[in-house]
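Chains Z and U supply the protein sequences, listed in that same order. Each residue of the first sequence is one higher than the last, beginning at 1 in my numbering. Each residue of the second sequence is one higher than the last, beginning at 487 in my numbering.
Derived by calculation from the structure, the hints in this document are not laboratory data. For each residue, glycine too, the CB sits at the ideal point set by N, CA and C. Be a bit skeptical, because a hint or two may be false.
Unchecked claim - Footprint (simulated), chain Z over chain U, 3 or more residues, beta carbon under 8 Å:
id : region
1  : 529-540
2  : 581-592
3  : 606-615
4  : 651-658
5  : 732-741
Said to hold, decoys possible - A short, non-exhaustive set of chain U residues, derived as facing chain Z with CB atoms under 8 Å:
id : residue
6  : M487
7  : E488
8  : E495
9  : P496
10 : L576
11 : R600
12 : T696
Listed here are the chains, written in short residue letters.
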Amino acid sequence: MVMEGRGLDSPLRHLYVAPALWAALRGGASAGGFVGLMAGLFLAPLLLPAIERAGAGAQAVDGVVALGAPGLLGVIAGHLRDQAHAGARRLESLLEIQRRLTSSVPLPQRLDEVARLIRECLGAHGVALVVQSPEGPALVAGDPHAVVLSPRSAAAWSLAVGEKMYSRDLEGDTRLEAPRASSPMPVRALVLPLTTGEGPAGVLAVEWLGELPQSTAAAAEEMALHLALSIENARLTLRQRHFAAELEERVEAATRRLRAVDHAKSEFISVVSHELRTPITALEGFSELLLSRAVPPERARRFLDHIHAESRRLGRIVTELLDLSRLEAGVAPVLEREPLDLGAHVERQVELFAGVHAAHRFHWAPERPLPAIRADADAIDRVLQNLLSNAVKYSPRGGVVRVEARVVEGGGVEIAVTDEGIGIPAEALPRVFDKYVRIPSPETTTVRGLGLGLSLVRSLVEAHGGRIEVTSEVGKGSCFRLVLPP
Amino acid sequence: MELLTAPFEPARRAPPTAIWRPLVGVSLAMLAAVGMGRVLAGPGGLAGEIGLAVQGTALHGGFIAQGLVLALDGHGAWRPAVLRVTGTLLAGFLLSRLSPWGGLALLAVPVVLRRECRGFPVLARIGALGPTRRRHVVIGLAAGVFLGAHLLVTSSRTFGYSVSVPSLAGYATALAYDVGANALSAEWLFRGALFSHWWRRGGFWGAAGTATALSLTRYLLDPALPPTAEARAGALFYLAALSLVGALLRAWSGSLVPGYLAAIAFFAAYRTLVVG
């Protein structure tokens, strides 16, 4: 040995620090401390005799310091190296965790990977990750074993109250109702809430076997903080994606509706042109005949009847167009409400239609004498005319049109107009009261109309404070049921 | 994972401990027996030999009993087990006093204790049960051999102490005493029960430090320790190192066996040192 014979005087005795420092930089505090201790122990048989010879004094103190120096330096240097390594590893793990959390793989799988990373980074025995899901039950991931969350567990408690829970030894912790296991080492446990701006978003539960250094516990807390932020970010991203998809869907639906309205309007203009053209042509034709030649009085009267009928039809079309302009402007119809004998009104309308449409059979069946209600007589007439007209238009010749009325709760009156017509497809029912809507069907191509009738009916009923609904079955008929308040 | 499965009640408190009464009882019985042994040992002769045997039995049996009470939290049928172990100890000590090779009977104590442990699975918590890996055994033995060798080299170089085995029977008896009583009771109580108890309630270094301090107190009060200053300083250093190594081995391996083997190896070296 280099010091043999030189003892305390040899400056080379400090060379014993070198292996301790080397071990500390290579293996950390435990390696540095161990090699330092060994260096000190190897140095002792060489230094102690010299100290014994020198007696108590400065040299003895110097010798004792030389004995302790390798171990002390090994521990300190190793500790600093451990801290630096742990910090770097933690940062690396955090970056990896964030990368995993924002990846596109399904969330449960992502959480499993994150739990594994946390366990490796913290040197833990077991890790569980609970993340609250806004759509359903909490998602739970565990490493090395899959886990389930009990609602009475420490993790569930932490999730509910947002507080952390620490146990020095899980097996001896009386707060837990667990069978007492017999592990030769203490099981340290930490449950940390993952708190976001909206409260606890989840829980990080970690178990260690044996020692839990303060720095590791602090690292776990730091990790929980980052996890909470990452989870919040992931949730925001998810919400943004959902919102974008929903928005796209809405825009698409609105575009579809606009296209349908545009199409309906085009069709409407075509129908209006046609509807206007027919009576005008008739008026022109018959008036020219009357003006250009001498017509016998009987024929002239018939021509005048046609002219009268067509001008009335023209008048109806113009009225409907005026109603349309009101509907377009969103102006509620102006009503002149007065006490009205509804039964008599309905009966008169049914009789009128029965007189004009002899091919159909009309049944008017009031439950009992109907009470008078406050309503606009003209408006009610138009409602009934539209409903009866539709029933006739869409029913085969000989079909039955049934009109029923009854008093409903609250003193109002319900009127139902039922036909045995072609019916309305279920998918068209929600749009049946919309403007310009005419349900396309090969059987209704010859039926005249602007597609405004039912829309007008609904606005008039609603202006009275009532409501209207329809039930229908294709091939069997439709039933329009309106309720008017007293 | 119990954190997610076991029912948890944050306000639940630990039930009152039942440990103090049996612990105080065992300690008083131990002191009384040691006192009785001293009285018996006074006049010398056969009674004196019996007295010394009673003292040794009381001390080491008391340590083992205290450790058992601590490990079982004062519950369970620990008395019959203690009686059986103490009986074996007494037989060993008596034989060691009456016959040159009789001390080898003390080698039966760890066997009896190990068998008694099987009746208490919870003793795995102090590292008294369960498998021990080969590398833990090797490291434990290596640590003890290193410390023992270091003691021999350093003390012989520094103080000129010689290393010899004058009587094989004496050496074997001393070694059997370390195996069956000295190292066994120290590992059982200080690294087993006390260190485990404190480690579960705090950090490693606090538990190891406290257990080491108590262990050193026990040795410094031992009348068999050479009374010279350098011997006491050396004992302080090596026994502290041995205790800390024992605690490290216990924490690392989860078993008392490596530390126990380290202590035996160390004392095997120490018994060859001729102090003075």
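Status of the hints after comparison with the structure:
Counting residues of the region 529-540 of chain U whose C-beta sits closer than 8 Å to any C-beta of chain Z gives 0, which falls short of three, so the coverage hint is violated. For the region 581-592 of chain U, the proposed coverage by chain Z is not satisfied: 0 residues have a C-beta within less than 8 Å of a C-beta in that chain, short of the threshold of three. Figure legend: the region 606-615 of chain U, annotated as covered by chain Z; annotation consistent (8 residues with Cβ-Cβ distances under 8 Å, at least 3 required). A stretch counts as covered by a chain when three or more of its residues have a beta carbon under 8 Å from one of that chain; for the region 651-658 of chain U and chain Z the count is 0, and the coverage is violated.
For a cut-off of 8 Å, the count of residues in the region 732-741 of chain U with a CB near a CB of chain Z stands at 3, and the three-residue condition holds. The beta carbon of M487/U comes within 5 Å of a beta carbon in chain Z, closer than 8 Å, and the hint placing it at the interface holds. The criterion of a C-beta within 8 Å of any C-beta in chain Z is met by E488/U, whose closest approach is roughly 5 Å, and the hint holds. Below 8 Å, beta-carbon pairs count as interface contacts, and E495/U has one with chain Z at about 6 Å; its hint therefore holds.
A least Cβ separation of about 6 Å between P496/U and chain Z falls short of the 8 Å threshold, and the interface hint therefore holds. The interface hint given for L576/U is broken, as the beta carbon of that residue sits about 30 Å from the closest beta carbon of chain Z, more than 8 Å. Interface hint status for R600/U: violated, as the beta-carbon distance to the closest one in chain Z is roughly 15 Å, over 8 Å. Given hint, T696/U at the interface with chain Z, is violated; its Cβ is 15 Å from that chain's nearest Cβ, farther than 8 Å.
Consistency note: the structure conflicts with the earlier hints numbered 1, 2, 4, 10, 11, 12.
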